[in-house]
Amino acid sequence: MPSQLPLITNGAVSLQAYLLVAALLFVFGLVACMARRNAIGILIGIELILNAAILNFMAFWHYGGAPLTGQGALAGPLMGVFVIILAACEAAVALAILLSLYFNFGTVEVDSIHQMKE
Amino acid sequence: METLQHGTILGFWLITALVLASGAVAAFARNIVQAAFSLFFTLLGMAGYYVLLGSDFLAVTQVIIYVGGILVLLMFGVLLTNRPLERAQRGTLRLYVLGAAAGAGLMLLVLLRIIATAQWRVAAEPIAISATVRPIGLALLSGYLLPFELAGLTLLLCLVGAAYLVRRKER
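Those protein sequence lines, which keep their order, are chains U and A. Residue 106 in this note's numbering is what sits at position 106 of the first sequence, and the numbering runs on without skipping anything. Residue 201 in this note's numbering is what sits at position 83 of the second sequence, and the numbering runs on without skipping anything.
A portion of the hints provided could be inaccurate.
Pair by pair, the computed Cβ-Cβ distance ranges are [to be verified]: (1) A/256 <-> U/113: 45 to 55 Å; (2) U/113 <-> A/136: 13 to 23 Å; (3) U/86 <-> A/240: 35 to 45 Å.
A few chain A residues facing chain U, derived, Cβ under 8 Å [to be verified]: (4) 126; (5) 142; (6) 149; (7) 150; (8) 152; (9) 153; (10) 175; (11) 180; (12) 183; (13) 213; (14) 215; (15) 222; (16) 225; (17) 257.
Partial chain U-side listing against chain A, Cβ under 10 Å, derived [said to hold, decoys possible]: (18) 7; (19) 9; (20) 64; (21) 77; (22) 81; (23) 98; (24) 116.
Note that these hints are calculated values from the structure, not bench results. Here the structure is a predicted model, which means the values were calculated and not measured. Ideal placement from N, C-alpha and C gives every residue a C-beta, glycine not left out.
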């Protein structure tokens, strides 16, 4: 099995370099989601993961040889746009939930919120 | 052509340094305000990546919606819910932090292995940097009309839901 990680090929940045950055960002977001106790920190981790996903979509679109016209010609940017739209929805609803948690419990530390009603 | 390529590579390394450094701060900083501010630079760097990868529209969308919208929302959340009393206790490395680090490290190893060993199907000629605003607009209102409308509906539902969640309760 060949094992190599060429970051620059033929005088240009390679696909693997972008995938590497996306993998690192994803892992950062994963750690933030798992290790943080502040719910807003978890939200920041989710944003990092979503950005890593968009970067993967864009890298595969750029290097994968998408058709120049017709369906799928703009798959990468369109996927990114839809991810950004859903991220906006998610952030708005999550912030609303967090604010209502804060009103009810006086904290957004996920460890200290054990019940669904006051 | 040669200078353009060198510039692209230089830009890639600069953006990578910015994104990874600020992303690490966003993920690991103990102070949540620092983390949110650091996320600002990560999101800006991602917009730079999208320019390098050939979509100006997505880069501008990222700056306007992510940096101008979602991040401001996050900052509001931080400032509205942050209490100085809730400083994270220093020096207490809890067990679940170790567990998270171990799990994420294993995940990173798996991802690195896949990236290094997979046979990626790479086209001979990557997509050139071009204006994508007009084709994206046409695509959204023709081939992608259903997802576009569904996204609009989702946004409306989220708006209503968020407003419902934080309304003043009648006592």
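Against the structure, the hints come out as follows:
1. At about 47 Å, the CB distance of residue 256 of chain A to residue 113 of chain U agrees with the hint of 45 to 55 Å.
2. Our hint of 13 to 23 Å for residue 113 of chain U and residue 136 of chain A is violated, since their Cβ atoms are close to 35 Å apart.
3. For residue 86 of chain U paired with residue 240 of chain A, a C-beta distance near 29 Å fails the hint of 35 to 45 Å.
4. The interface hint given for residue 126 of chain A holds, since its Cβ lies 7 Å from the closest Cβ of chain U, which is under the 8 Å cut-off.
5. For residue 142 of chain A, the interface hint holds, since its Cβ comes within 8 Å of a Cβ in chain U; the closest pair sits about 6 Å apart.
6. With its C-beta approaching chain U no nearer than about 10 Å, residue 149 of chain A sits outside the 8 Å limit, and its interface hint is violated.
7. At its closest, the beta carbon of residue 150 of chain A sits 5 Å from a beta carbon of chain U; the interface hint therefore holds under the 8 Å criterion.
8. Hint status for residue 152 of chain A relative to chain U: violated, with the closest Cβ pair at about 11 Å, above 8 Å.
9. About 6 Å separates the beta-carbon of residue 153 of chain A from the nearest beta-carbon of chain U, less than 8 Å, and the hint is met.
10. Among the interface hints, the one on residue 175 of chain A holds; its C-beta lies about 6 Å from the nearest C-beta in chain U, closer than the 8 Å criterion.
11. The interface hint given for residue 180 of chain A holds, since its Cβ lies 7 Å from the closest Cβ of chain U, which is under the 8 Å cut-off.
12. Interface restraint check: residue 183 of chain A against chain U, minimum CB-CB distance 5 Å, threshold 8 Å, status holds.
13. Given the 8 Å rule on beta carbons, the hint for residue 213 of chain A is violated: about 11 Å separates it from the nearest Cβ of chain U.
14. Checking residue 215 of chain A against chain U by beta carbon gives a least distance of about 5 Å; that is within 8 Å, so the hint holds.
15. At about 5 Å, the closest approach between the beta carbon of residue 222 of chain A and any beta carbon in chain U falls short of 8 Å, and the interface hint on this residue holds.
16. Hint status for residue 225 of chain A: holds, given a least beta-carbon distance of 6 Å to chain U, under 8 Å.
17. The interface hint given for residue 257 of chain A is met, as the beta carbon of that residue sits about 5 Å from the closest beta carbon of chain U, less than 8 Å.
18. The beta carbon of residue 7 of chain U comes within 9 Å of a beta carbon in chain A, closer than 10 Å, and the hint placing it at the interface holds.
19. For residue 9 of chain U, the interface hint holds, the least distance from its beta-carbon to any beta-carbon of chain A being 9 Å, beneath 10 Å.
20. Look at residue 64 of chain U: its Cβ gets to within about 6 Å of chain A, closer than 10 Å, so that hint holds up.
21. With a cut of 10 Å, the hint placing residue 77 of chain U at the interface with chain A holds, because the nearest CB-to-CB distance is about 4 Å.
22. With 10 Å as the threshold, the beta carbon of residue 81 of chain U comes within range of chain A, its nearest partner Cβ sitting at about 6 Å, so the hint holds.
23. Checking residue 98 of chain U against chain A: minimum C-beta separation of about 6 Å stays under 10 Å; hint holds.
24. About 14 Å separates the beta-carbon of residue 116 of chain U from the nearest beta-carbon of chain A, more than 10 Å, and the hint is not met.
When the structure is compared with the earlier hints, violations turn up for hints 2, 3, 6, 8, 13, 24 and for no others.
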